[in-house]
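2 protein chains.
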Amino acid sequence: MSNKVPKTVSIITIGDELLIGQTIDTNSAWMAQELNKAGFSINRRVAIGDSWDDIWNCLQEEEEKNDIVLITGGLGPTSDDITKPLLSNYFGGKLIVDDAAKENVIEIFTKKLNRPLIERNLKQAEVPDVCTVIQNKRGTAPGMWFEKDNKIFVSMPGVPFEMKGMMADYVIPALTKKFEVSPVEHRTLLTAGIGESFLAELLNDFEASLINGIKLAYLPNYGMVRLRLTATQTLENKNEIDFYFDQLKKTVKDHLVIDRDISLQEAIAETLKSEGKTLAIAESCTGGYISHLFTLLPGSSSFFLGSVVSYSNNLKSGLLGVPETTLNGFGAVSIETVNKMAEGIREKTGADYGLATSGIMGPTGETPGKPVGFVCVGFSSKEKTENTTFQFRFDRKRNIELTAVHALNFLRKSIG
Amino acid sequence: MSNKVPKTVSIITIGDELLIGQTIDTNSAWMAQELNKAGFSINRRVAIGDSWDDIWNCLQEEEEKNDIVLITGGLGPTSDDITKPLLSNYFGGKLIVDDAAKENVIEIFTKKLNRPLIERNLKQAEVPDVCTVIQNKRGTAPGMWFEKDNKIFVSMPGVPFEMKGMMADYVIPALTKKFEVSPVEHRTLLTAGIGESFLAELLNDFEASLINGIKLAYLPNYGMVRLRLTATQTLENKNEIDFYFDQLKKTVKDHLVIDRDISLQEAIAETLKSEGKTLAIAESCTGGYISHLFTLLPGSSSFFLGSVVSYSNNLKSGLLGVPETTLNGFGAVSIETVNKMAEGIREKTGADYGLATSGIMGPTGETPGKPVGFVCVGFSSKEKTENTTFQFRFDRKRNIELTAVHALNFLRKSIG
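Residue numbers (the working numbering), protein chains in the order written: chain A, 151 to 566; chain B, 151 to 566.
Any given hint could be a false lead.
Because identical chains share one entry, a pair is satisfied inside a single copy or across any pair of copies.
Claimed, not checked - Quick list of in silico lysine-lysine cross-link-like pairs, BS3-like style, CA-CA up to 25 angstroms: (1) K403 to K252; (2) K534 to K563; (3) K301 to K327; (4) K261 to K534; (5) K365 to K273; (6) K388 to K287; (7) K327 to K287; (8) K252 to K365; (9) K365 to K244; (10) K261 to K520; (11) K187 to K547; (12) K328 to K314; (13) K314 to K547; (14) K215 to K273; (15) K423 to K547; (16) K287 to K520; (17) K400 to K252; (18) K287 to K547; (19) K388 to K399; (20) K365 to K400; (21) K187 to K327.
I should point out that these hints are in silico values taken from the structure, not numbers from a laboratory.
These numbers were taken from a predicted model, which means no experiment stands behind them.
Make the full structure from the sequences, and use the hints.
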């Protein structure tokens, strides 16, 4: 098979919970990222309910359109799961017990969960006799690999942790081998402080100069825009992408935040670690969210000392040492208060840098001159204390997320 | 039109960013929830890229299968957006400038953003002359409502905040009026401490007793299982669902957490507010995530005083007053330390209740006898200090989320 034409993938997610909106599908995005890196192209993603006819018809439709059909969900032990008997039928097989899968179910129940095994659990070990079984190292439901007319179908559990294990350990390596694809190349950078349409104006000539096989995409998110160059598999010389990426960086240099596909907090973490500096945060309006973003990163304890979420004024004065006169004179949401908060958290923790947020996230809480969405951000180091303000106009959740992103960008510039 | 047969909806999301996994689709879940509440049934959700043929074919396919096709995304001002000309073509119209949409674009740029208006921005005001324009109160791209052979097509921006405004203000009311549907009824409860298959065993007889028109669904999430009863539109007497919901509650009573469709933190917030009690948290391994869950709730400042994210031992002793002897003698991850953390945060903040977490979230950090995933949770009130431990076996992010959910459930029981 040629390695020039990317093999197309369709992802089918099965489950009524997706159609009533009880579950947000994070699986598809992760799968798409990993498959894309490996050189596969995702054509479509379809979500359908636990209905025999819908699943059957969807399999037929996606089979027509694609080389590979990846299916997640619908493999649980309860009665609303019909995927396994359907797959067995669809590929002309019958359900049999897989010994290794059965061992796995027994081991998980008796050793890990310490729970009695019931008949229903053993059903998990049944698989169609026409598939290659993919053992599940992280749960009880095995995965299934089917081949039909040189097309591949893979069924995996909907639990993200289990699906990810199977994809990484088995599915992606097996697909790569089977279809002999070469990875596509991406180059990504992050910009801030410029809207999508202004970027597009700025990049008019650059876009026109792109050769066939290199594509530019705009990915706006939280007031920042990520720009991604992709060299498709039809491009002979993959190194050409670096020439264009250099051009792109030069063109947007005044707005460039990071020239790699990492998050703001990862970029800051790299800087802090390489310089041996530490950070502590005083969060009022962001309520712990910025700390959460840092502590999600493995190894964050090497630079992140901790934070005070000072939701009440008492904590601002008591734990952070913001003077009552500042709080009473200027209010909790003021540049004077965030200055003191940033200095306070730095001094109380002994960190090199202090970051502080205070604002009105809504839907209520506005005061004269300080509408919902008004935010103050402060920064403190041994050398300087500085601050900035923002005005956001969204709902509570989005205001919190936007505040976090913009506070991180302010921090990045302050320590840069 | 009959109000007995639920009108079916297909949701199409357009954008290359969805197929490469750069964006997690949260729109579909929100739309599904709102449409479901309003009595519409979601049949399928399809995500496709910014390709003319793919969009065109997808419109044709979904039109065949459904009464209503809702489209999000692909309306931005940059060159990778082709949805608008395509829709104009598909419905046999041509693009014209909509005056109200133009006014809106000008107002947003000159008054709100304080930025010069460029030609590309005005393109946002163009719409096919065969649609009803849905004005965008939260952004520049207008929505479009098309009718064809008694089927409805609606195109909306992909920005969640903008889409939600249009759905709530215009689309759902207009669809409800057009199709004369009556809402479906749901009853939801949350269980903890029992696996999906054991619940299914327990509910065998209950499920068998359900009449036609009432369905039970299992929605497992983070070690808890949500159970949802749905009375479909074919059920004559909607009150019958309450009889079955009572039965369901009785059957699972030993595992029942909440008998409504709210989150654990919302349930705790209700209890605290109704009793006039306050909470403060000392978060080590959860790194701010529990505080974030509480501060996402509007009005949380009435019961949540704040927290200390004590990521370093210095903060555990300095800000929380955990004795050095406790930290050195038992370690940062120990029941002795979380006891002192819970007591410390309560005393330092004057809160009625203190909650504390400390654990090893991975991928590294294990010590003898304390593997990755080992977590201690402490609770302190005037009357008592108590603690519990957990062992999770997942990746860092999921371990943090699981710790948060189980710490919240421990808190709920401790204050109950």
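Legend entry - Intra/inter-copy verdict for K403 and K252 if alpha-carbon distance must be at most 25 angstroms: neither (58 angstroms within a copy, 32 angstroms between copies)
Inset, instruction - At 25 angstroms max between alpha carbons, let me know whether K314 reaches K547 within a copy, between copies, both or neither. - result: Close across copies (13 angstroms), not inside one copy (28 angstroms); limit 25 angstroms.
Legend entry - 25 angstroms Cα threshold - placement of K314 relative to K328: within (20 angstroms within a copy, 43 angstroms between copies)
Legend entry - Intra- versus inter-copy proximity for K534 and K261 (alpha-carbon distance at most 25 angstroms): This pair counts as neither: shortest intra-copy Cα distance 56 angstroms, inter-copy 34 angstroms.
Inset, instruction - Give the relationship of K215 and K273 under a CA distance limit of 25 angstroms: within one copy only, between copies only, both, or neither. - result: neither (33 angstroms within a copy, 34 angstroms between copies)
Inset, instruction - Could you place K400 and K252 in one of the four classes (within, between, both, neither) given a Cα distance threshold of 25 angstroms? - result: neither (58 angstroms within a copy, 34 angstroms between copies)
Legend entry - Copy assignment of K252 with K365, given that the CA separation must stay at most 25 angstroms: neither (48 angstroms within a copy, 31 angstroms between copies)
Legend entry - Intra- versus inter-subunit Cα pairing at 25 angstroms for K388 with K287: neither (36 angstroms within a copy, 44 angstroms between copies)
Inset, instruction - Evaluate K388 and K399 at a C-alpha cut-off of 25 angstroms and name the case that applies: within, between, both or neither. - result: within (18 angstroms within a copy, 61 angstroms between copies)
Inset, instruction - First find the shortest C-alpha distance between K187 and K547 inside one copy, then the shortest across copies, and answer within, between, both or neither for a cut-off of 25 angstroms. - result: Answer is between; shortest inter-copy Cα gap is 22 angstroms, intra-copy 31 angstroms.
Inset, instruction - Measure nothing new, just compare the shortest in-copy and cross-copy C-alpha distances for K423 and K547 to 25 angstroms and report within, between, both or neither. - result: between (30 angstroms within a copy, 21 angstroms between copies)
Legend entry - Identical-chain pair category, K261 with K520, by Cα at 25 angstroms: between (58 angstroms within a copy, 18 angstroms between copies)
Checked against the numbered hints above, the structure breaks hints 1, 4, 6, 8, 9, 14 and 17 and satisfies the rest.
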